[in-house]
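K.L.:
Chains as they are written, first to last, in our numbering: chain A, -9 to 521; chain B, 160 to 339.
Possibly wrong hints are sitting among the right ones.
[Said to hold, decoys possible] Here are the simulated SDA-like pairs of lysine to any residue, each with C-alpha atoms no more than 20 Å apart in a straight line:
hint : chain 1 : residue 1 : chain 2 : residue 2
1    : A       : Lys11     : B       : Lys193
2    : B       : Lys193    : A       : Ser(-6)
3    : A       : Lys250    : A       : Ile313
4    : B       : Lys175    : A       : Glu(-5)
5    : A       : Lys20     : B       : Ile163
6    : B       : Lys161    : B       : Glu259
7    : A       : Lys20     : B       : Tyr270
8    : A       : Lys250    : A       : Glu210
9    : A       : Lys(-4)   : B       : Ala179
10   : A       : Lys11     : B       : Gly200
11   : A       : Lys(-4)   : B       : Glu186
12   : B       : Lys323    : B       : Phe333
13   : B       : Lys193    : A       : Ile(-2)
14   : A       : Lys448    : A       : Ile502
15   : A       : Lys11     : B       : Ile199
16   : A       : Lys435    : A       : Lys507
17   : A       : Lys11     : B       : Lys161
18   : A       : Lys507    : A       : Ile430
19   : A       : Lys445    : A       : Met387
20   : A       : Lys11     : B       : Lys332
21   : A       : Lys357    : A       : Gln427
22   : B       : Lys161    : A       : Ile16
23   : A       : Lys(-4)   : B       : Leu178
24   : A       : Lys20     : B       : Ile199
25   : B       : Lys175    : A       : Ala2
26   : A       : Lys7      : B       : Glu170
27   : B       : Lys332    : B       : Glu285
28   : B       : Lys268    : A       : Leu27
29   : A       : Lys20     : B       : Glu259
30   : A       : Lys7      : B       : Thr166
31   : B       : Lys193    : A       : Leu3
32   : A       : Lys126    : A       : Met63
Derived from the structure by calculation, the hints contain no laboratory data.
Source: prediction; values computed, not measured.
Spelled out, the chains give:
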Amino acid sequence: MSDSEKEILLRALAREKAARKQSEIILEQKSAELFSLTRELKESNFKLEGLVKEQTSQLRGVFENIIDAYVVMDLTGNVLKMNDAATELFEYDLEDGDLNVVSLIYREDIEYAMTSYDGLMKDGYFTNYKSRIFTKNKHLRWVHINASLIYDDDLNPIAAQGIVRDITEAESSAALITEQQNKLAAIVDYSTLGIILTQDGAIIQTNRAAQELMLFSEAELLKLSVKNISIPDDFPASKEFMDQMNSNKLDHFVIKKRYKRKDNSHFWARTNVAAVRNRDGSIKYQVALIEDITEQLKSEEERQKLLGRLERSNHELEEYAHIVSHDLKSPLRSIYALVDWVTEDNRDTFNDESNQNMTLIRSTLAKMDQLISDVLEYSSLNSEGLSKRPIDINELMVDLKQHLFIPDHISIKVKQKLPVIMGDEARLQQLFQNLIQNAIRYIDKDEGLIEIDVKEKKKFYQFAISDNGIGIADEYHEKIFQIFQSLKKSKESTGIGLSIVKKIVNLYQGDIWLESKVGEGTTFYFTLRKI
Amino acid sequence: MKGIVFTEFLELVEEKFGLAMVDTIIESSDLESKGVYTAIGTYSFSEMLALVTNLSKNTDIPVDQLLTVYAEHFFGVIEKSYPGLLATYSDPIEMLASIEDHIHIEVRKIYPDAELPTFTTLERTETTLVMLYKSSRAMYSFGLGLMNKTFEHFNTTGTIVMEKLNDAGTEVKFSISKNE
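Given only the sequences and the hints, what does the whole structure look like? Please build it.
P.N.:
Put into structure tokens, the structure is as follows:
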């Protein structure tokens, strides 16, 4: 080998070595690169895995925990996945078998559902779908659905997902509200009272009755304010109430005022105004109920007039009675006096018969006097001028026993403590007096007994005055209370006594009746209202 | 330029012209790498230019011819190392038309920093193809060699006409047609 050949080879060898070294360096570099790349990749993968796990768990969380039902279905409606809420809502469990959503749709809503499905396929989503479904156990539910398509990598739809909200309650509430509104509208519109709703004086709603009262149409009234339909003279009174209402001092008032109709005629009405307030207490609306009291006022006026006339009439009657009795009694007294004198002057000349006749005349006169008093008494018996004070009947009885003439053979027994009655002393005295006098008068026995008893009832006292007298036959029980009727035409009875008794008892809103056995005795029962 | 181009070149030179020729062209070129090439390295294109030019001087064979011959040799390297790349094609016209959109893209996957020319298809039929070659390296002859071997690979022959669109040869029109 020549030198030059040797050198060439040496140079070639050197180049090879150097090339190899270069390769090694490059390879080492590449190795290191690969190593760090691998590590980065591992880290990235780890992070990604973590992220995916997190997302998956989040998604599962959402899927399982959302209150609404979440359903994933294939494009023919077969359910692929659904959460617990869906299982509950549809009452189907996928573990029990396959489910196709079409089987859930309520018959009447099938067309709507199909139309929406077409929309879903065309647009890729639909929202605000509302219809009914039948659950497995045949429960009817209203649902609201938002749905969208799920696509694969090539953007072909492969499934659909939807969130299903149970709005059965909301729908039935809505239906209920509508129903209630309708009922309310019916009540308001058909009310016979005029109802006007105002806000700051402006009329915002009226019912039929209000329109008829005012003679305005509904539309016309809506353009008016309360002032337009009222009378200026009535403003001050209204204003005072309104001010109080506005400053929260009252929520409601009643006022009598006049209204002006469309034809400018007026009418009086009782108006009942109530405030409807906002949460902060300020007034939202006022509701006014208007009652036309024109008729009422008229009858009121007439009644007043009648009352006045009645009072006057009564008054006149009393005066008349007084005057008449006075005028009637006066000549009686004269006759009595004259008869006395004649008797006195002729005591020696008159025979027995004549003397008897004179006595008879005198007793007849006395009877007439009593009759006139009784008639006056009877006619003046009315609730006017009756005082009302507590009267102890026991004391009254004591009084009566003292000043009544009680024959020796008759005894009066009060069987128990008598009550206190609110009333007029004179009238009550008369009542008991007349009954006791009657009892005395009609006792025919050798030993007469008059008993007075009382029974307490819920709203009144029931008194009983019994005697062992001649008794009263059944056929006379009604008659005896009528004026001028009496059993025995005795000289002492005027026939008015029991009528007066009945009238007094009636004044105290009581009743009077009797039980009697002819020959044995009579018991008069009467009731007087308690305090 | 990728080292493999240099290593294959020098091997071919050694095979055809001997080790001494290799030594000569290396020593006579002012090479930054000093002639030390590894297939996995990257070296300046100007070195290739220098080597080829000196080889041409020493052999009296024109540069274009040298490059075409080298390219035809280089095709074998591609066949051996990347059979999968060629297997996707069933027709030479099809393959040549996909140099830009497929082959070079695959090449870049393996050698991300490879410097490659751009081919623009001007015309194409089932049997003909007209492409525009653009590259600052003006190695159109190398391209010609690869194209020749492509036809051979599919057991057919073709006619290729090159038209330099400028003197530097940085833009060349290739008119290719398959022989029936």
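K.L.:
Which of the numbered hints above does this structure break?
P.N.:
3, 20, 29
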